[in-house]
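*Asks:* Here are the chains, one letter per residue:
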Amino acid sequence: MSRKRFSFSESSRRDLLRAGMYGVCVTAGASIPLPAFAQAAAQAKADGKILVVLELSGGNDGLNTLVPYGDDAYYKHRPNLGIPKNEVRRIDDHFGFSAGMVGFERLYKDGKLAIVHGCGYANPSFSHFTSMAYWHTAAPNSGEEYGWVGRLADTMAPAAPPNFLVNIGARQSLAVRSHRHVPVVFDDPNKFSQEKFYDEREVLDSVPDNGGVQNPTRRFLLDTARSAKDASVLVREAWAKYHSPVDYGITGLDLPKVVALIDAGMPTRLYYTSYRNNAFDTHVFQNDVHKRLLTYASDAVSAFLTDLDRIGRANDVVVMIFSEFGRRVPENVNLGTDHGTANLMFVAGKSVMGGQYGAIPSLTKLDAGDNLIHTTDFRRVYATMIDGWLGVRDTRTLLNGDFEPFAMFA
Amino acid sequence: MHGRVRLGLALIAMAVCADAQIAGPTAWQNDLSPIPSSDWNYDFAAHLLSRAGFGGTPEEIQVLAKMTSAQAVARLVRFEGTDASHLPAFDHSGIHDPGLEPFPPSRPAVTDLAKEKGEALGIKVKAGGNRRMQPIVDEFFYWLRASVLETNRVAYWWANRMLTSPQPLREKMALFWHGHFASNEAKVRDYRKLLGQLEIFQKQGMGNFRDLTVAVAESPAMLSFLDAGVNVKGASNENFAREIMELFTMGVGHYTETDIREAARAFTGWNYDDLKFVVNKEQHDDGEKTFLGKTGRFDGVEVIDIIMQQPATADYIAAKIYRYFVREDLSPALQKQLGAVLRDNHYEIAPLLEKIFLSRDFYSPASVGTRIMGPVELAVSTYRKLGATNIPGVPDFNSETGALGQQLFSPPTVAGWAGGQSWITPGLLLERANFARDVLFPDISFLPPDRFTGGGEIRRVAERIREGMDISTATKDDTKSGARAESNLKADRDEDFNTRYGSFRGSQMAIERVKPIPRDTAQVNLSRLVMKEKLANTTQVVGYLVRRFMRVPPNDATRRKLVAFLDKELGTSDITAAQTYMEQPLRLVLHLIMSQPEYQLS
Numbered sequence: 001m002s003r004k005r006f007s008f009s010e011s012s013r014r015d016l017l018r019a020g021m022y023g024v025c026v027t028a029g030a031s032i033p034l035p036a037f038a039q040a041a042a043q044a045k046a047d048g049k050i051l052v053v054l055e056l057s058g059g060n061d062g063l064n065t066l067v068p069y070g071d072d073a074y075y076k077h078r079p080n081l082g083i084p085k086n087e088v089r090r091i092d093d094h095f096g097f098s099a100g101m102v103g104f105e106r107l108y109k110d111g112k113l114a115i116v117h118g119c120g121y122a123n124p125s126f127s128h129f130t131s132m133a134y135w136h137t138a139a140p141n142s143g144e145e146y147g148w149v150g151r152l153a154d155t156m157a158p159a160a161p162p163n164f165l166v167n168i169g170a171r172q173s174l175a176v177r178s179h180r181h182v183p184v185v186f187d188d189p190n191k192f193s194q195e196k197f198y199d200e201r202e203v204l205d206s207v208p209d210n211g212g213v214q215n216p217t218r219r220f221l222l223d224t225a226r227s228a229k230d231a232s233v234l235v236r237e238a239w240a241k242y243h244s245p246v247d248y249g250i251t252g253l254d255l256p257k258v259v260a261l262i263d264a265g266m267p268t269r270l271y272y273t274s275y276r277n278n279a280f281d282t283h284v285f286q287n288d289v290h291k292r293l294l295t296y297a298s299d300a301v302s303a304f305l306t307d308l309d310r311i312g313r314a315n316d317v318v319v320m321i322f323s324e325f326g327r328r329v330p331e332n333v334n335l336g337t338d339h340g341t342a343n344l345m346f347v348a349g350k351s352v353m354g355g356q357y358g359a360i361p362s363l364t365k366l367d368a369g370d371n372l373i374h375t376t377d378f379r380r381v382y383a384t385m386i387d388g389w390l391g392v393r394d395t396r397t398l399l400n401g402d403f404e405p406f407a408m409f410a
Numbered sequence: 001m002h003g004r005v006r007l008g009l010a011l012i013a014m015a016v017c018a019d020a021q022i023a024g025p026t027a028w029q030n031d032l033s034p035i036p037s038s039d040w041n042y043d044f045a046a047h048l049l050s051r052a053g054f055g056g057t058p059e060e061i062q063v064l065a066k067m068t069s070a071q072a073v074a075r076l077v078r079f080e081g082t083d084a085s086h087l088p089a090f091d092h093s094g095i096h097d098p099g100l101e102p103f104p105p106s107r108p109a110v111t112d113l114a115k116e117k118g119e120a121l122g123i124k125v126k127a128g129g130n131r132r133m134q135p136i137v138d139e140f141f142y143w144l145r146a147s148v149l150e151t152n153r154v155a156y157w158w159a160n161r162m163l164t165s166p167q168p169l170r171e172k173m174a175l176f177w178h179g180h181f182a183s184n185e186a187k188v189r190d191y192r193k194l195l196g197q198l199e200i201f202q203k204q205g206m207g208n209f210r211d212l213t214v215a216v217a218e219s220p221a222m223l224s225f226l227d228a229g230v231n232v233k234g235a236s237n238e239n240f241a242r243e244i245m246e247l248f249t250m251g252v253g254h255y256t257e258t259d260i261r262e263a264a265r266a267f268t269g270w271n272y273d274d275l276k277f278v279v280n281k282e283q284h285d286d287g288e289k290t291f292l293g294k295t296g297r298f299d300g301v302e303v304i305d306i307i308m309q310q311p312a313t314a315d316y317i318a319a320k321i322y323r324y325f326v327r328e329d330l331s332p333a334l335q336k337q338l339g340a341v342l343r344d345n346h347y348e349i350a351p352l353l354e355k356i357f358l359s360r361d362f363y364s365p366a367s368v369g370t371r372i373m374g375p376v377e378l379a380v381s382t383y384r385k386l387g388a389t390n391i392p393g394v395p396d397f398n399s400e401t402g403a404l405g406q407q408l409f410s411p412p413t414v415a416g417w418a419g420g421q422s423w424i425t426p427g428l429l430l431e432r433a434n435f436a437r438d439v440l441f442p443d444i445s446f447l448p449p450d451r452f453t454g455g456g457e458i459r460r461v462a463e464r465i466r467e468g469m470d471i472s473t474a475t476k477d478d479t480k481s482g483a484r485a486e487s488n489l490k491a492d493r494d495e496d497f498n499t500r501y502g503s504f505r506g507s508q509m510a511i512e513r514v515k516p517i518p519r520d521t522a523q524v525n526l527s528r529l530v531m532k533e534k535l536a537n538t539t540q541v542v543g544y545l546v547r548r549f550m551r552v553p554p555n556d557a558t559r560r561k562l563v564a565f566l567d568k569e570l571g572t573s574d575i576t577a578a579q580t581y582m583e584q585p586l587r588l589v590l591h592l593i594m595s596q597p598e599y600q601l602s
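Protein sequence lines correspond, in order, to chains A and B.
Using my numbering, read the first sequence as starting at 1 and increasing by one per residue.
Using my numbering, read the second sequence as starting at 1 and increasing by one per residue.
This is chain A alone, in the form it adopts within the complex (with noise of 0.2 Å):
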């Protein structure tokens, strides 16, 4: 196990230079603008970095997840959902993964996969979309208009480049919503395209001017138009060319996806994308549909890192998993479980020091609720991906906050 305590040493004062944001320095709560070449020269290293946050909607239940089958409290409350011993794909005298996470099950023996434990907040919100708002946020119990990975963007970039965010979905995530990036969202990157005549495209080709515009919706209009045009051909070029051998299971998410972006050089480096349609809302009959699900993402996931290798990039990606709450300790009379509160978090990589972080929840000291109590704050994990991998410092003004990171990056 892995937990070593983040310092703030002279050598990663110098990395902070050197890798850590452009534009601005923020230190102390003091802002110093660094002058253009070290701005260029930190942009050359930071630059290759890539997070992935991938979101589970819908509520993962994390127990049978990463299943405690070394605890006999975990079968009392699960006298019929709890998963057999013999049945789990076990990683230690504790814990196992569900039957079908052969791929999460190899990641982690390959050392591969952090495992934090007990990540949620304090007053946890059990809907769904208000849940899933603050951790889209990373603003528990506030009205935060922005996206936390939308938030990094602008810290990371605050000229907006364009095509440093994509999140690939039907829809955008509050997620991703940001001050001064207007973020590639696309789903089928086949049709992600204006299909035009060749006569048209002197037209079509140009995006009108928002000089002068008042009325606001039409201007973002028109912003979303150029990010359209800007994104586009190169996304549709990069999976056309995309053709891997990789098997990514039933589903595949959007992973895929992702990789045909980086092997095509897009200047990305902020990923969202999510299993979708709150998929993972269990609440009667979970069985069979949980174990599914569990399998195509494990599926998925390990593909993607057996991918990025093949690539050639697998040091230079992370990705993050997340769901908005886990489910209730007990099981419901339904066979399936109700909305929740503390949930397992994932990170995968290449470059991630595999292990398990964080306190592992009580399963007899419950709340009022028969709901585990946190120990982890996620922000914690979200101040890892922004400080430990993508070297930018200052978590705090991003996450509102003190969040210490996990030393999960060697």
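Read the hints as simulated data drawn from the structure, not as lab findings.
The beta-carbon is built from N, C-alpha and C at its ideal position, and this holds for glycine as well.
You may find that some hints are simply not true.
Unchecked claim - Output of the computed footprint for chain A on chain B, the stretches with three or more beta carbons under 8 Å from beta carbons of chain A:
(1) 106 to 119
(2) 224 to 233
(3) 427 to 434
(4) 584 to 594
What the hints assert, rightly or not - With a straight-line cut-off of 20 Å between C-alpha atoms, the simulated SDA-like cross-links for lysine to any residue are:
(5) B/K561 <-> A/L222
(6) A/K191 <-> B/L447
(7) B/K561 <-> A/V207
Place chain B on chain A using the hints.
*Replies:* Chain B in isolation, oriented as in the chain A frame:
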């Protein structure tokens, strides 16, 4: 010098004017008092019809413009002077078999049931031989597929009502409620329940919100969607109670977790038996509950009545309706005023709508041309402006609107569609232009999705079966080399039944029984429009098309490009010279117009 300054100011004024479209004064914003009847004009009528309906042709707008504002609003809100009785009821294909209800939650649940009882879904396990449960598994997949296809026919039926009904606000309001009380086919898996719920929206959507909420809460579609059927005494399931409060009535922050648990108890025993609402007495918790500060032996309806007494409920619903019809941002003060209108009218929806559509605020620059149309509205209004008399089968209405993020009966979650700016992403903005192209230039290789089964795996199985291959070999996965994903290894099991074969056979049975959707293309004749309007040159044509199709016109530079484009395509700017061959160029220029970012605005 003085003259040049004045000219400059005039140009700026024109530019601002073009941006804001034809709206009332800025001071009208947030003012709910009615507009002066002397201000009523064609542009206001066009604005009204685009919001309280799905837009219309200049002739339809003119009808409203010639009335007084009060008459025009009464026509839309109170249906005065309209008759919709000629609209046909939904034409069922007749696909539901007795024995399908209660439909088990999953394929494993079906085969477990068959193992236990010797039959399931009205079909017996085969007496002997191979794959003894195959006919049952086939029937399971048949119904899954048939219900999807029939739901798509219901969507067509509804879209045709949006297009042709003389009471468009009834349909537009039903669309609002469909997103508000969201339930989807993927979970409900029964088109009949979804149709039943839609009919509630159509009949009661402009009536009383309390009655509507009770009707929806008791509808099999909602009971099934929110797992109400498994909420029983002693072990309540909170899903239903939570969503009723959070999404349907009050919004978060106005109740506690305890209120949710207590309300869930009141809803225990609520269930459905096929298409009927039932309360199972033995499963209902008749004990005392304390809910939102009141104590009593409440049942579900009484819980809804207590919710209706909360000021938050009227504020929440009124604001949501306002956002749907007017604009996204509204001040807390305006929200309070709107909530008061709803409360004072005892939750009757029509008076609130009348108030909104007559208000100065509705015609202020903040409201006019600032709303992004949702995909269904975009598609229907496009057809209406084209003068279409039915929703064409090519392109497929459901695939097109689905690709744009709004397929009827498939809201992504229980929260419905987020609306507003979330309708637009870079990808979706381009898709919208592609929709226009599919309408104006139908794809000659179009494959009807209700006949052609797109799933590669099902097609592969079908082809192999036709070639005479045995079921086990025909359903083998194709992955040749490399590590196989766990999920693909599992799907190859072949014991009492074969899932992949069932999936193929079910699709085949569904195609046999679900009626096809007619696949006509849009009957577009732009040349006739241009001739009828006696337009003489390309500048006039572009002006006419922009005004007919757009609520917010493009800027002057774009307009000039459009004219130049049409000049080039026609080889002249003289319409008389080009009248025998102008249809294709006109469609091209209309496609360019519909590709403008501003086309999304209403």
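*Asks:* Are there hints from earlier that the structure breaks, and if so, what are their numbers?
*Replies:* The structure conflicts with no hint, since it agrees with every one listed earlier.
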